[in-house]
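Student: Please build the complex by placing chain B on the supplied structure of chain A, with the hints as guidance.
Single-letter residue listing:
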Amino acid sequence: MKLDLMTDLYVFMLAAFIGFEVIRRISPLLHTPLMSLTNALDAIAVVGAILLVGEHKSTLSTVLGTIAIVAATSNVVGGFLITDRMLKMFKSSRPQKTVK
Amino acid sequence: MQVPQHVIELTYLAATALFILSLKWMSAPTTARHGVWAGELGMLLAIAGTLLNHGMDYQWIAIALVLGTIIGVPLGMVQMTAVPQRTALSHAFGALCVTLVGTSEFYLRGGEVSQFTLSVLCLEVILGSLTFTGSLMAAGKLQEWLPQRPITYKGQNIVNLGVLAVAIGLAAYIVFHPAHTHIFPFIIGIPLLFGVLMIIPIGGADMPTVISLLNSYAGLSAAAMGFVLDSKLLIVAGALDGASGFILSLNMSKAMNRSFTNVLFGAFGQEQVSGAATQEARNVRSATAEEAAAILSAANKVVIVPGYGLAVAQAQHKVRELYDALTKRGVEVKFGIHPVAGRMPGHMNVLLAEADIPYDKLLDLDEINGDFPQTDVALVIGANDVTNPAARTDPGSPIYGMPILDVDKARTVMVIKRGMSPGFAGIDNPLYYLDQTLMLFGDAKAFVGAIVRELSGGAQD
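Residue numbers (this note's numbering), protein chains in the order written: chain A, 66 to 165; chain B, 699 to 1159.
Next up, chain A with everything else stripped away, as it sits in the complex:
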């Protein structure tokens, strides 16, 4: 248990460093889609809620977990959807190799 926590702390620290380095490079042009994207990614918390409901340990945990899944899923669906809608609108004036 103690060792797991240490590993988790290392993971957190490394992820925070990666986050800072990667996100620092993102131009202000895309900061709004960035926020809606990280929001959707953050909703990975849905995994914890699914486990909670799936294990069905108590009525309380099932009820709270179900609401939690609803909240997180709406973030996943809405977050990815609006991010993609925004990014589709960004076009360059220079002719370029089109993405895809």
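Be a bit skeptical, because a hint or two may be false.
In silico DMTMM-like pairs for lysine to aspartate or glutamate, Cα to Cα no more than 20 Å straight-line [claimed, not checked]:
hint : chain 1 : residue 1 : chain 2 : residue 2
1    : B       : 1032      : B       : 1019
2    : A       : 153       : B       : 1054
3    : A       : 156       : B       : 1030
4    : B       : 1059      : B       : 1030
5    : A       : 156       : B       : 1019
These aren't lab readings, by the way, just hints derived from the structure by calculation.
Tutor: Just chain B now, with coordinates in the frame of chain A:
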């Protein structure tokens, strides 16, 4: 069928890698959509992997997933002007999820876990609860369901910090006496109250900072949940989100000339420095749409500086027509965008991109400021404080030191404005009294439309 645990863990590992790639691809508009796809794939893998767990009861999960999708789709289809409140609302949902899971975990196994885990669990619930109500308040203010005007009173910061301190004190008590479960509702309820109190003193102009900060809190609470559940995927996702929100908050506070501690403690409710408005009568030169069109068409380089007033007037598409008309005449048109133009970081870029203005013409503060001395016309539409030269020159000004767009260095400045009233911060703008400044009085959309008509009317010669 029983899937071995390590297979499920491998889907989480793949999802973690995809999430990092997703953010990496967000760095350029050309690859950004790959980033979305990578994120979606990672999410799909992780959820599918979780559902493969042995002995799951699927009934409620299925109902919740369907319901969440039904709510999520309209939230993904909102108008671009409504993106800030949508974002605030999704911070609230994320925080709600984290808080509910944390609460369940406490009642299920609060007595069995280590003190470290229990403290992280309390942190998770406190951060989650305050982010939940704080984000709802922010969304309400942005949607204008709540008054946008900041409400301040004496000793506000002390009251707020006191409320938060009580919650933290109770959390510390629970960590040492986990059997006292009746205390637990208070470490949900008090932060819920704190979230409301925290947003009350915040006005519309500070929203970009607040949204970023709430983003960071939501991420950190998710990372805390990852520690409680020992889920490395969740720790990574939470850390990435937390880092992103943190960087954006720093950017915004820098752009608004606020200190770092100011951001950390959420004390945005600034001491209301009323800039003593000098009432001396000063000359203002105004011009008509016809004159403005003539000056613009004679220019070689034009920089348009949009502010939130442009979005309020729904003038993006008219601005696009102006951009087209000028570009057709061989005028080089760029846009100078201040980080706080709009209601959240980068919002103005999205609004202009929606109006089909190419993104390579949208330049950041640092990229555009060197251009102003060679610019013939700087056209300011719906922006005020971010163009105020007093921020550079007048140490007595409340916004002194704030990075601004140096429009006053352009040969001619034109400002579209309804009247001479000061902006958000209530500060007089000396820009309007400069010799090279022409005031174009009127509604942004109507005035830009009139300029476009003048330009196309004269296109024959």
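Student: Each hint: holds or not?
Tutor: These are the hints, each one checked on the structure:
In summary, the hint linking residue 1032/B to residue 1019/B is supported, as the alpha carbons are separated by about 14 Å, within the 20 Å threshold. Pair hint residue 153/A plus residue 1054/B holds up; C-alpha atoms about 11 Å apart against a cutoff of 20 Å. Between residue 156/A and residue 1030/B the alpha-carbon distance is near 18 Å, which keeps this suggested pair within the 20 Å criterion. Of the pairs offered as hints, the one joining residue 1059/B and residue 1030/B holds, with about 10 Å between alpha carbons and a cut-off of 20 Å not exceeded.
Proposed proximity of residue 156/A and residue 1019/B is supported: the alpha carbons are some 16 Å apart, at most 20 Å.
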